Amino acid sequence: MSIAIGKRYTCSSCGCEIIVTKAGTGPLTCCAADMQIKEATPLPSSD
Amino acid sequence: MRLSDVADMAAGSFGERVAFTCGPESISYEQLAAAARTAATELREQRYQTLAYLGQSSVAFPLAMFSAAYAGMPLIPLNYRLSDEQLRQQLQLLEAPLLLVDPEYTHVLEGLQVPHQLTHDWSSAARTSPPRALDVTIDDDAQPALILFTSGTGGAPKQAVLRHSHLTSYVVQSIEFGNAHPDEATLTSVPPYHIAGAGAVISNTFAGRRVVYLPNFSAEAWLDGVRSEGVTSAMVVPTMLARIVEALGDRPAETPSLRHVAYGGARMPRPVIEAALERFPDVAFVNAYGLTETSSTIALLDGAAHRKAMASDDPEVRNRLASVGRPLPGVEIQIRDGSGAPVATGETGKLHVRGPQVSGEYRGIGSAVDEQGWFATGDVARFDGDGFLFVEGRSDDIIIRGGENISPDVIEDVLLRHTSVRDVAVVGVPDPEWGQEIVAVVVPEDGASVEEEELREWVRAALRSSLTPKEIHVAPELPYTPTGKLKRAQVLEELAIT
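Respectively, the protein sequence lines represent chains Y and R. Numbered according to this note's numbering, the first sequence spans residues 1 to 47. Numbered according to this note's numbering, the second sequence spans residues 1 to 498.
The following block holds chain Y by itself, in its conformation from the complex (with noise of 0.2 Å):
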């Protein structure tokens, strides 16, 4: 389970959110526990 940059994890025990900085290999555990992927809404750049 491979890690990207720019992916957000979530932990559902206590919420906190991360963004990946450094990839590498998962998994991401919060509070015991895998995090989960977050997905993205994808938009247009505006600026």
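You may find that some hints are simply not true.
Distance windows between CB atoms, simulated [stated by the list, open to error]: (1) Thr29(Y) to Ala247(R): 52 to 58 Å; (2) Ala40(Y) to Ile497(R): 52 to 58 Å; (3) Asn216(R) to Ser2(Y): 42 to 48 Å; (4) Gln92(R) to Thr29(Y): 53 to 59 Å; (5) Arg227(R) to Ser2(Y): 33 to 39 Å.
Partial selection, computed: residues in chain Y whose CB lies under 10 Å from chain R [claimed, not checked]: (6) Ala4; (7) Ile5; (8) Lys7; (9) Arg8; (10) Thr10; (11) Pro27; (12) Ala40; (13) Leu43; (14) Pro44; (15) Ser45; (16) Ser46; (17) Asp47.
Honestly, the hints are just simulated from the structure, not real lab data. As the structure is a prediction and not an experimental result, all values here were calculated from the model. C-beta: ideal position from N, C-alpha, C; glycine also.
Assemble the complex: chain Y is given as a structure, and chain R must be docked to it using the hints.
Then chain R, alone, in the frame of chain Y:
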């Protein structure tokens, strides 16, 4: 999150990439973060409380923005197109500032005791000095990050305060970190004192997209810049797009690298965007609607919606070219009537906005946001049945004739389609019978003459008689703010004199 976190993230994740280019000068994300930390240490040691910037776009501008963020003080970009007197007044309002100034504007400082350095000298020193570690790390995202003087089309300019949390919420909610391909580059001609100029620094640093600055806009320089730098996206104000389309004439643009063009800052005339869609057949145009007080974009009409509208025979779908699209994630928009109650879908009212990127705060005045977090934008708008937002203008500009609310934009678009009309302003003047009457001020195309009765008939045929201007005046030019907003109040004043 703070703006300095955005710089740290970019430096840590794709630090070797070129971040900003202006003419022969470039800076990478790594160099940008290192120089900003060095400059921030110096700013703190000298006990400055504000960093002000009176200059054109250059590599020094993002460096100033991130230096101020690391140092824990706001950046205040000033509008170099203002008169010396206006600039002097603004400079005297700043708290313990260091002013970065381009050589062509130093004459403004005569007689004032404002500590200052030449923009380029300051930037070179920050880049070549031995790197210094910051003495503190500030993690308070409620600190002011940016103070912008609003353009003031309706009165004296106010100082809009944008805190770190407002500016970073905007990028975090709308952009995926590092999502730009290493070859992407965006061409920015919007000046540093405009919210879109600041937005471009933050968004593109977060995305990892190189920014190419074009400080002195001309249509030819813009087209050359797109071709020579392999530019993939650009942001323009409507007057710039009008000049680009005009310069192309009947020729296609021939800008193969260009894929996205965002526009905003003022209303886009329909004939201009239609011509642009034809000249740039492979470009996705994005209409971005926002205000200084909302940290830039709050709604946008994407490229696919533009193309669908352009290709449609259904007048309702076609009309979406005049829409600003749908609200951004995290942004709530409500249209309210005069009593403050939400209106039904399709009805026009006052546009209110709420969300983490909305500031609505002015220095020395306080917050204009109500208890539930809503900010009254001063714009008049409506949603159609499919959720598309139409901004009809500033509430002060709406003409009320015989009880009918008339948006001047509709009449202006019709007049602009006439071959002898280069530019036009439609305003409401006091009238004893109707309350207000419609008056148009027209700028003729070079060498063309305009016949008042012919233009009135042109509007009547396209719209209806209640929307036909009672009078049409001719003027050599119209008054605009430096960022392309029509100054209707001045048009009205000049009409009252003549």
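Against the structure, the hints come out as follows:
no. : hint                              : result
1   : Thr29(Y) to Ala247(R): 52 to 58 Å : 57 Å, holds
2   : Ala40(Y) to Ile497(R): 52 to 58 Å : 55 Å, holds
3   : Asn216(R) to Ser2(Y): 42 to 48 Å  : 46 Å, holds
4   : Gln92(R) to Thr29(Y): 53 to 59 Å  : 55 Å, holds
5   : Arg227(R) to Ser2(Y): 33 to 39 Å  : 38 Å, holds
6   : Ala4                              : 9 Å, holds
7   : Ile5                              : 5 Å, holds
8   : Lys7                              : 8 Å, holds
9   : Arg8                              : 8 Å, holds
10  : Thr10                             : 13 Å, violated
11  : Pro27                             : 20 Å, violated
12  : Ala40                             : 5 Å, holds
13  : Leu43                             : 5 Å, holds
14  : Pro44                             : 5 Å, holds
15  : Ser45                             : 6 Å, holds
16  : Ser46                             : 4 Å, holds
17  : Asp47                             : 4 Å, holds
When each numbered hint is compared with the structure, violations occur for hints 10 and 11.
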